[in-house]
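Using the sequences and the hints given, assemble the complete structure.
Spelled out from the first residue to the last, the chains are:
There are 2 protein chains.
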Amino acid sequence: MWRRVISGKVGKKLCNGILLSGLAVSPLLFSDYSSGSTLPLNSYKPPTYNDPGFVLKEIKKLGIEVSATTEELARHSDSWFSTDHPLPGEEPAAIVFPTSTEEVSKVLKLCHENQVPIVPFTGGTSLEGHFINTKKSITIDLSRMDQVIELHKDDLDIVVQPGVGWEDLRTYLDDYGLMFGPDPGPGACIGGMAATSCSGTNAARYGTMKENVINLTVVLADGTIVKTRRRPRKSAAGYNLTGLIIGSEGTLGIVTEITLKLHVKPKWESVVLISFPNLKHAAGAVTQFIQTGLILNAIELLDSQMMKFVNDSGETESKYEELDTLLIKVGGSSNEAVDLTINEVKNIAHGNNATTFKFAATEEEKFQLWNARKTALWSTIAYGKKHIDPNIQIWSTDVAVPISSFVESLEKTRLEIKESGLTSSIVGHAGDGNYHALILFKEEERALATELVARMVERALDMDGTVSGEHGIGIGKKEFLVNEVGQNAVDLMRRLKFAVDPNGILNPDKVFKIDPINDRSV
Amino acid sequence: MWRRVISGKVGKKLCNGILLSGLAVSPLLFSDYSSGSTLPLNSYKPPTYNDPGFVLKEIKKLGIEVSATTEELARHSDSWFSTDHPLPGEEPAAIVFPTSTEEVSKVLKLCHENQVPIVPFTGGTSLEGHFINTKKSITIDLSRMDQVIELHKDDLDIVVQPGVGWEDLRTYLDDYGLMFGPDPGPGACIGGMAATSCSGTNAARYGTMKENVINLTVVLADGTIVKTRRRPRKSAAGYNLTGLIIGSEGTLGIVTEITLKLHVKPKWESVVLISFPNLKHAAGAVTQFIQTGLILNAIELLDSQMMKFVNDSGETESKYEELDTLLIKVGGSSNEAVDLTINEVKNIAHGNNATTFKFAATEEEKFQLWNARKTALWSTIAYGKKHIDPNIQIWSTDVAVPISSFVESLEKTRLEIKESGLTSSIVGHAGDGNYHALILFKEEERALATELVARMVERALDMDGTVSGEHGIGIGKKEFLVNEVGQNAVDLMRRLKFAVDPNGILNPDKVFKIDPINDRSV
Numbered sequence: 001m002w003r004r005v006i007s008g009k010v011g012k013k014l015c016n017g018i019l020l021s022g023l024a025v026s027p028l029l030f031s032d033y034s035s036g037s038t039l040p041l042n043s044y045k046p047p048t049y050n051d052p053g054f055v056l057k058e059i060k061k062l063g064i065e066v067s068a069t070t071e072e073l074a075r076h077s078d079s080w081f082s083t084d085h086p087l088p089g090e091e092p093a094a095i096v097f098p099t100s101t102e103e104v105s106k107v108l109k110l111c112h113e114n115q116v117p118i119v120p121f122t123g124g125t126s127l128e129g130h131f132i133n134t135k136k137s138i139t140i141d142l143s144r145m146d147q148v149i150e151l152h153k154d155d156l157d158i159v160v161q162p163g164v165g166w167e168d169l170r171t172y173l174d175d176y177g178l179m180f181g182p183d184p185g186p187g188a189c190i191g192g193m194a195a196t197s198c199s200g201t202n203a204a205r206y207g208t209m210k211e212n213v214i215n216l217t218v219v220l221a222d223g224t225i226v227k228t229r230r231r232p233r234k235s236a237a238g239y240n241l242t243g244l245i246i247g248s249e250g251t252l253g254i255v256t257e258i259t260l261k262l263h264v265k266p267k268w269e270s271v272v273l274i275s276f277p278n279l280k281h282a283a284g285a286v287t288q289f290i291q292t293g294l295i296l297n298a299i300e301l302l303d304s305q306m307m308k309f310v311n312d313s314g315e316t317e318s319k320y321e322e323l324d325t326l327l328i329k330v331g332g333s334s335n336e337a338v339d340l341t342i343n344e345v346k347n348i349a350h351g352n353n354a355t356t357f358k359f360a361a362t363e364e365e366k367f368q369l370w371n372a373r374k375t376a377l378w379s380t381i382a383y384g385k386k387h388i389d390p391n392i393q394i395w396s397t398d399v400a401v402p403i404s405s406f407v408e409s410l411e412k413t414r415l416e417i418k419e420s421g422l423t424s425s426i427v428g429h430a431g432d433g434n435y436h437a438l439i440l441f442k443e444e445e446r447a448l449a450t451e452l453v454a455r456m457v458e459r460a461l462d463m464d465g466t467v468s469g470e471h472g473i474g475i476g477k478k479e480f481l482v483n484e485v486g487q488n489a490v491d492l493m494r495r496l497k498f499a500v501d502p503n504g505i506l507n508p509d510k511v512f513k514i515d516p517i518n519d520r521s522v
Numbered sequence: 001m002w003r004r005v006i007s008g009k010v011g012k013k014l015c016n017g018i019l020l021s022g023l024a025v026s027p028l029l030f031s032d033y034s035s036g037s038t039l040p041l042n043s044y045k046p047p048t049y050n051d052p053g054f055v056l057k058e059i060k061k062l063g064i065e066v067s068a069t070t071e072e073l074a075r076h077s078d079s080w081f082s083t084d085h086p087l088p089g090e091e092p093a094a095i096v097f098p099t100s101t102e103e104v105s106k107v108l109k110l111c112h113e114n115q116v117p118i119v120p121f122t123g124g125t126s127l128e129g130h131f132i133n134t135k136k137s138i139t140i141d142l143s144r145m146d147q148v149i150e151l152h153k154d155d156l157d158i159v160v161q162p163g164v165g166w167e168d169l170r171t172y173l174d175d176y177g178l179m180f181g182p183d184p185g186p187g188a189c190i191g192g193m194a195a196t197s198c199s200g201t202n203a204a205r206y207g208t209m210k211e212n213v214i215n216l217t218v219v220l221a222d223g224t225i226v227k228t229r230r231r232p233r234k235s236a237a238g239y240n241l242t243g244l245i246i247g248s249e250g251t252l253g254i255v256t257e258i259t260l261k262l263h264v265k266p267k268w269e270s271v272v273l274i275s276f277p278n279l280k281h282a283a284g285a286v287t288q289f290i291q292t293g294l295i296l297n298a299i300e301l302l303d304s305q306m307m308k309f310v311n312d313s314g315e316t317e318s319k320y321e322e323l324d325t326l327l328i329k330v331g332g333s334s335n336e337a338v339d340l341t342i343n344e345v346k347n348i349a350h351g352n353n354a355t356t357f358k359f360a361a362t363e364e365e366k367f368q369l370w371n372a373r374k375t376a377l378w379s380t381i382a383y384g385k386k387h388i389d390p391n392i393q394i395w396s397t398d399v400a401v402p403i404s405s406f407v408e409s410l411e412k413t414r415l416e417i418k419e420s421g422l423t424s425s426i427v428g429h430a431g432d433g434n435y436h437a438l439i440l441f442k443e444e445e446r447a448l449a450t451e452l453v454a455r456m457v458e459r460a461l462d463m464d465g466t467v468s469g470e471h472g473i474g475i476g477k478k479e480f481l482v483n484e485v486g487q488n489a490v491d492l493m494r495r496l497k498f499a500v501d502p503n504g505i506l507n508p509d510k511v512f513k514i515d516p517i518n519d520r521s522v
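Sequence order for the protein chains is A and B. Residue numbering for the first sequence follows this note's numbering, starting at 1 and increasing by one per position. Residue numbering for the second sequence follows this note's numbering, starting at 1 and increasing by one per position.
No lab work stands behind these hints, which were simulated from the structure alone. Note that the structure is predicted; figures quoted are calculated from it, not measured. Each hint should be verified, as a subset may be incorrect.
Same chains, same label: a pair holds when it works inside one copy or across any pair of copies.
In silico EDC-like cross-links for lysine to aspartate or glutamate, where the CA-CA straight-line distance does not exceed 20 Å [stated by the list, open to error]:
1. 153 <-> 408
2. 261 <-> 211
3. 385 <-> 464
4. 267 <-> 175
5. 267 <-> 339
6. 346 <-> 336
7. 227 <-> 458
8. 227 <-> 479
9. 267 <-> 336
10. 227 <-> 464
11. 280 <-> 154
12. 153 <-> 462
13. 280 <-> 322
14. 153 <-> 464
15. 261 <-> 464
16. 227 <-> 462
In structure tokens form, the structure reads like this:
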């Protein structure tokens with residue numbers, strides 16, 4: 001069997017037990033593959049990269065737009081909302097704007113052959129540093145590929161390009177009485193949503209990106225174009241390539257076309273707002289909704305602090321009770337069906353000491369009630385800027401735990417943040433056991449916020465949960481991922497990565513380490 | 001860049017452009033990896049295998065049961081229902097019965113190190129030749145690992161071993177008011193169900209195995225044990241290893257523990273039977289159910305021929321109209337909710353010229369109505385034996401197409417089979433666009449049946465569908481898979497396979513070719 005080769009001995013490598021020397025090695029050589037099923041970090045020579053200059057010239061020759069204006073470089077390096085920000089010098093060498101799958105293929109082929117790293121970008125709304133250029137790399141911005149290619153309304157699917165924004169898609173589908181399930185933060189595009197396997201308020205009912213993509217057109221590292229599947233709503237034919245690419249954060253391939261599952265928009269839908277004296281009662285109600293088998297389209301929990309911030313923001317017409325609150329969407333194929341469900345929700349709410357129970361009778365009321373959820377993030381930021389510090393920062397992070405641990409996890413996190421002296425609000429997808437802590441902090445309090453997040457994540461793991469329900473790993477949670485799934489599972493991911501991207505050009509330093517020394521974590 | 005090495009030149013291989021000679025090569029050497037993202041069939045030296053004798057002795061030394069009785073060899077080589085049967089000599093060298101993950105790990109490590117192929121087995125109910133020992137191999141039977149490890153009823157999940165049968169699981173969960181979604185043919189076990197990504201009558205409502213597995217414990221080819229995830233109902237942390245393993249048909253790893261998502265059993269459920277004058281009217285009703293957004297727990301279509309066979313079998317108490325028939329499950333959290341939905345179903349049925357509309361008012365009636373669906377396969381076989389030939393064979397195959405093409409696809413298939421002179425029945429999961437043709441044939445008509453299946457599959461592809469909605473590829477549909485997803489996608493699957501199973505020991509010759517010459521297809 002093969003021996004593992006310790007990196008750093010270029011020109012003197014063990015090859016199946018025979019010593020070779022003087023080879024002009026490419027970054028990942030034969031001897032870099034162990035003969036086993038995984039690829040531990042120290043078992044291969046990490047990739048090395050070349051300056052992007054030559055590749056950029058070649059890309060320009062192909063007629064593909066390349067930009068390196070200060071503004072474009074800045075916009076593709078960072079966002080205010082991101083948990084992780086670039087270090088000095090961490091900006092792309094240039095931004096490339098392809099307009100077709102074929103152009104993406106040509107760009108990747110050039111990068112692969114010349115060992116130039118490349119970072120994909122669509123909406124730029126991800127939170128864990130996914131599009132930071134940790135190496136001297138090119139950013140490939142797919143936002144010009146923003147067309148709906150084909151709507152198949154009788155098949156309940158749609159073929160779109162990666163630069164389509166989910167909000168634009170929602171508007172487009174409204175006219176057909178159709179909807180797409182995942183609803184992440186504003187500005188997100190389908191390409192990035194597939195890359196991070198995001199979800200949103202509808203996930204307990206309609207699933208995450210994993211359950212809502214039928215097929216993907218993916219350009220692999222060497223420029224090979226693969227379509228993962230045709231358009232059946234289910235298939236048992238061959239490996240689930242679609243499922244492998246979704247959530248791989250641009251490290252396995254670049255998505256250039258996506259067929260999405262659609263749903264019929266509920267003919268009737270109402271919003272219910274219920275306030276509880278405390279989290280335990282809210283949780284009791286949620287458990288009962290689930291155990292009763294009620295089909296609810298969303299069960300969002302906004303904690304008392306969040307309701308206070310929403311009131312303070314002045315963004316909503318009415319004021320809310322500043323209590324732990326559930327916002328629920330009830331849908332159905334008839335008004336009677338919706339009424340029946342609302343009644344069941346009401347009975348359960350009262351059985352769990354609800355202090356307020358409101359439901360929307362009109363579209364306007366529906367909008368008003370749901371508005372608390374929509375303005376949650378902005379209200380928290382506004383509160384921080386107004387009452388704490390105009391330069392306040394926000395750390396928006398998420399974990400998910402088995403549903404019976406949801407409230408305990410959330411409550412302990414809330415208490416811990418409060419005791420630390422920092423201010424935060426919490427919003428959760430109760431049907432999934434997934435919640436977000438929105439922690440406000442001044443720059444000098446970053447270390448404290450970091451520690452609080454680490455404890456929130458570790459507690460989620462102690463409860464058999466995950467370090468991210470919908471934001472992903474990026475550069476921010478790499479160490480946590482090892483804690484979550486163990487070294488073997490991460491070594492397996494790394495093996496898959498280098499099997500399809502042998503030069504390690506695709507979005508380096510995201511999801512897991514690819515280099516034991518030259519790594520960029522938080 | 002690396003050059004591709006043509007196989008068959010052992011001892012004289014190109015290694016990064018440098019000629020080496022005299023190496024004692026292991027089956028997959030460095031030079032077998034191209035530097036690209038895929039692994040085309042002719043770009044590497046195919047695996048070679050050793051006689052299992054030595055490994056079997058070592059396994060016995062470990063205290064793991066090994067059997068090679070005629071009866072066990074036969075039982076693990078074939079089943080009457082399978083589409084593909086073993087050729088002479090295609091039987092396991094022996095059957096190994098591990099009782100723990102650690103034992104599976106030890107067995108695989110031995111097989112990996114000694115290049116001995118190994119075929120996983122649980123219920124033995126798969127239909128596409130998944131457990132045929134195409135090479136001189138060991139079969140690893142996981143049916144002794146048949147325990148429920150932990151039920152987390154408040155989290156709606158359960159941890160089980162691969163040998164647990166889904167019907168036993170159903171009985172177990174009944175006591176808790178819980179259920180598991182997928183319901184394939186009788187006798188299937190969770191391990192094999194994960195391997196083939198099966199589903200059943202509930203899939204349009206509850207999803208396939210892909211959507212119903214939270215995590216897997218998998219033993220990789222070299223014996224490495226990986227747990228793909230903890231127990232959150234959703235996660236965006238790292239690659240979707242769970243999703244990659246499900247449907248990989250035992251070619252990437254062997255599953256030894258599975259955490260399944262559970263659902264609350266509908267408090268109230270009824271069965272509706274509707275007969276239509278022809279398929280088009282049945283299809284019209286299905287389209288309207290979907291477009292209305294009705295949530296139905298199953299929409300099964302049994303064609304007129306199937307109803308005739310069910311009547312003929314005498315297995316059911318009442319006789320059915322011998323017309324194209326929909327069998328529908330309507331569930332809800334209250335009796336009123338179920339009644340409301342049944343009324344909507346009724347209105348749509350009548351608007352589509354239904355000739356019969358029955359719904360079950362009692363548990364007994366529910367059982368009786370659904371019985372037509374339960375006895376479908378057996379009735380078809382019984383009919384064939386009684387009226388055609390006591391030695392009749394059955395070819396049970398499935399495809400799935402976009403839902404708007406469901407009826408056209410099914411109708412053309414039915415007509416083509418009829419015109420061929422063979423007898424068949426059809427049962428479909430209408431909500432998914434997935435259907436099964438059960439083709440009866442005498443051994444001398446096998447070539448005709450093969451051709452009919454090929455045409456059914458090709459037509460499904462012409463309609464942008466898949467060559468299998470729930471049975472998988474096995475050895476039977478390898479060529480069709482290439483037609484479905486294209487050579488690049490299959491070459492990517494092959495690259496993933498050899499990245500984690502470099503010696504090619506895991507279930508050889510299934511899903512895609514691993515050897516251009518020494519292959520076993522149908």
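Each hint tested on the structure:
1. In this homomeric assembly, residue 153 and residue 408 come within 20 Å of each other (Cα to Cα) only across copies, at 17 Å, whereas the closest approach inside a single copy is 43 Å.
2. In this assembly of identical chains, residue 261 and residue 211 lie within 20 Å of each other by CA distance both inside one copy and across copies; the values are 8 Å within and 14 Å between.
3. Within a single copy, residue 385 and residue 464 get their C-alpha atoms no closer than 36 Å, and across copies no closer than 53 Å, so neither meets the 20 Å cut-off.
4. Taking the shortest Cα distances, residue 267 and residue 175 sit within 20 Å of each other inside one copy (13 Å), while across copies they are farther apart (35 Å).
5. With identical chains, the CA atoms of residue 267 and residue 339 are at most 20 Å apart both within one copy (13 Å) and between copies (18 Å).
6. In the homo-oligomer, the alpha carbons of residue 346 and residue 336 lie at most 20 Å apart both inside one protomer (15 Å) and across protomers (16 Å), since each shortest distance falls under that limit.
7. Proximity of residue 227 and residue 458 under a CA criterion of 20 Å is satisfied inter-copy only: 18 Å between copies versus 38 Å inside one chain copy.
8. In this homomeric assembly, residue 227 and residue 479 come within 20 Å of each other (Cα to Cα) only across copies, at 17 Å, whereas the closest approach inside a single copy is 32 Å.
9. Taking CA atoms no more than 20 Å apart as the test, residue 267 paired with residue 336 passes in both settings, with 11 Å inside one copy and 19 Å between copies.
10. With identical chains, the CA atoms of residue 227 and residue 464 are at most 20 Å apart between copies only, with a shortest distance of 12 Å across copies and 35 Å within one.
11. Taking the closest pair of Cα atoms, residue 280 and residue 154 come within 20 Å of each other only across two copies (15 Å); inside a single copy the shortest separation is 44 Å, beyond that limit.
12. Proximity of residue 153 to residue 462 under the C-alpha cut-off of 20 Å is restricted to the inter-copy arrangement: shortest distance 19 Å between copies versus 44 Å within a copy.
13. Within a single copy, residue 280 and residue 322 get their C-alpha atoms as close as 16 Å, which meets the 20 Å cut-off; across copies the closest is 56 Å, which misses it.
14. In this homomeric assembly, residue 153 and residue 464 come within 20 Å of each other (Cα to Cα) only across copies, at 15 Å, whereas the closest approach inside a single copy is 40 Å.
15. With identical chains, the CA atoms of residue 261 and residue 464 are at most 20 Å apart between copies only, with a shortest distance of 15 Å across copies and 30 Å within one.
16. Taking identical chains as interchangeable, the C-alpha atoms of residue 227 and residue 462 lie at most 20 Å apart only when they sit on different chains, with a minimum of 16 Å there against 39 Å within one chain.
Checked against the numbered hints given earlier, the structure breaks only hint 3 and satisfies all the rest.
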